[in-house]
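Undergrad: Given the coordinates of chain A, assemble chain B onto it according to the supplied hints.
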Amino acid sequence: GNSVTQMEGPVTLSEEAFLTINCTYTATGYPSLFWYVQYPGEGLQLLLKATKADDKGSNKGFEATYRKETTSFHLEKGSVQVSDSAVYFCALSFVSGGYNKLIFGAGTRLAVHP
Amino acid sequence: AAGVIQSPRHLIKEKRETATLKCYPIPRHDTVYWYQQGPGQDPQFLISFYEKMQSDKGSIPDRFSAQQFSDYHSELNMSSLELGDSALYFCASSSNRASSSGANVLTFGAGSRLTVL
Numbered sequence: 001g002n003s004v005t006q007m008e009g010p011v012t013l014s015e016e017a018f019l020t021i022n023c024t025y026t027a028t029g030y031p032s033l034f035w036y037v038q039y040p041g042e043g044l045q046l047l048l049k050a051t052k053a054d055d056k057g058s059n060k061g062f063e064a065t066y067r068k069e070t071t072s073f074h075l076e077k078g079s080v081q082v083s084d085s086a087v088y089f090c091a092l093s094f095v096s097g098g099y100n101k102l103i104f105g106a107g108t109r110l111a112v113h114p
Numbered sequence: 001a002a003g004v005i006q007s008p009r010h011l012i013k014e015k016r017e018t019a020t021l022k023c024y025p026i027p028r029h030d031t032v033y034w035y036q037q038g039p040g041q042d043p044q045f046l047i048s049f050y051e052k053m054q055s056d057k058g059s060i061p062d063r064f065s066a067q068q069f070s071d072y073h074s075e076l077n078m079s080s081l082e083l084g085d086s087a088l089y090f091c092a093s094s095s096n097r098a099s100s101s102g103a104n105v106l107t108f109g110a111g112s113r114l115t116v117l
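The listed protein sequences derive, respectively, from chains A and B. Numbering-wise, the numbering used here puts 92 at position 92 of the first sequence, and it's gapless, one number per residue. Numbering-wise, the numbering used here puts 59 at position 59 of the second sequence, and it's gapless, one number per residue.
Here chain A stands alone, though its shape is the one from the complex (with noise of 0.2 Å):
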């Protein structure tokens, strides 16, 4: 079947670092990649997707690459800032009975401190 694995969190990182949230998956077809964030307290907003592999998606200093060679759509930022803090959730979207149906991983907390 179709799923979603994400890295387990809290990711916790100071301000200026690196960030790498992995996302791997497991799809027959040719499943669309998501990345959601939700900030506290709030719903959840699509932040970049890749529709096909070799894709890049980009949004906000974030960006996610489709590798169809290893399953994966690792998120990246090359410099977060405090107000990255959040859930990210990497969603995958296929077709089922003729839908769209789209499918969650478990979420990353990311923790930036000042």
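Mixed in with the good hints, there may be bad ones.
To be verified - DSS-like mimics (lysine-lysine), calculated; alpha carbons at most 25 Å apart, straight line: (1) K52(A) <-> K77(A); (2) K52(B) <-> K22(B); (3) K56(A) <-> K101(A); (4) K22(B) <-> K101(A); (5) K101(A) <-> K57(B); (6) K52(B) <-> K101(A); (7) K49(A) <-> K101(A).
Just so you know, these hints were derived from the structure itself, not from any lab.
TA: Structure of chain B alone, referenced to chain A:
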């Protein structure tokens, strides 16, 4: 731009009571999804509707039901509430017609927080 609107934002109920959550999708979006997020958990898919018909069903308890109306808004009805139903309930919408490859983006509402006492 208009987003997905959910109401109420917060709801407190007693055990065995009923609750109804409402979701108003982005205009021209034809598909609505409901997710449940327990404390410290990832969102779990409950159910979805496309053009007012149920399109997929996930881990929705039998005590819950949902529907999508002619104006595309959706309601999630929860009966015989249990303590374990306390969670954040997200609604999301998308345009299923926009993509047949799974690449359509779900836009989420801010969520409705249900607390069962």
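Undergrad: A separate judgement is required for each hint: does it hold in the structure or not?
TA: Hints, verified against the model:
1. A threshold of 25 Å between alpha carbons decides the hint, and for K52(A) with K77(A) the separation of about 21 Å falls inside it, so the pair holds.
2. A distance of roughly 14 Å separates the Cα atoms of K52(B) and K22(B); the hinted pair therefore holds under the 25 Å criterion.
3. For the hint linking K56(A) to K101(A), the alpha-carbon distance of about 21 Å falls within 25 Å, and the restraint holds.
4. Using a Cα cut-off of 25 Å, the hinted pair K22(B) and K101(A) holds, with the two alpha carbons roughly 21 Å apart.
5. For the suggested pair K101(A) and K57(B), the alpha carbons sit about 10 Å apart, so the restraint of at most 25 Å is met.
6. The straight-line distance between the Cα atoms of K52(B) and K101(A) is roughly 17 Å, inside the 25 Å bound, and the hint therefore holds.
7. Only pairs whose Cα atoms come within 25 Å are accepted, and K49(A) paired with K101(A) is accepted, the gap being roughly 15 Å.
Hint compliance for this structure: no hint is broken.
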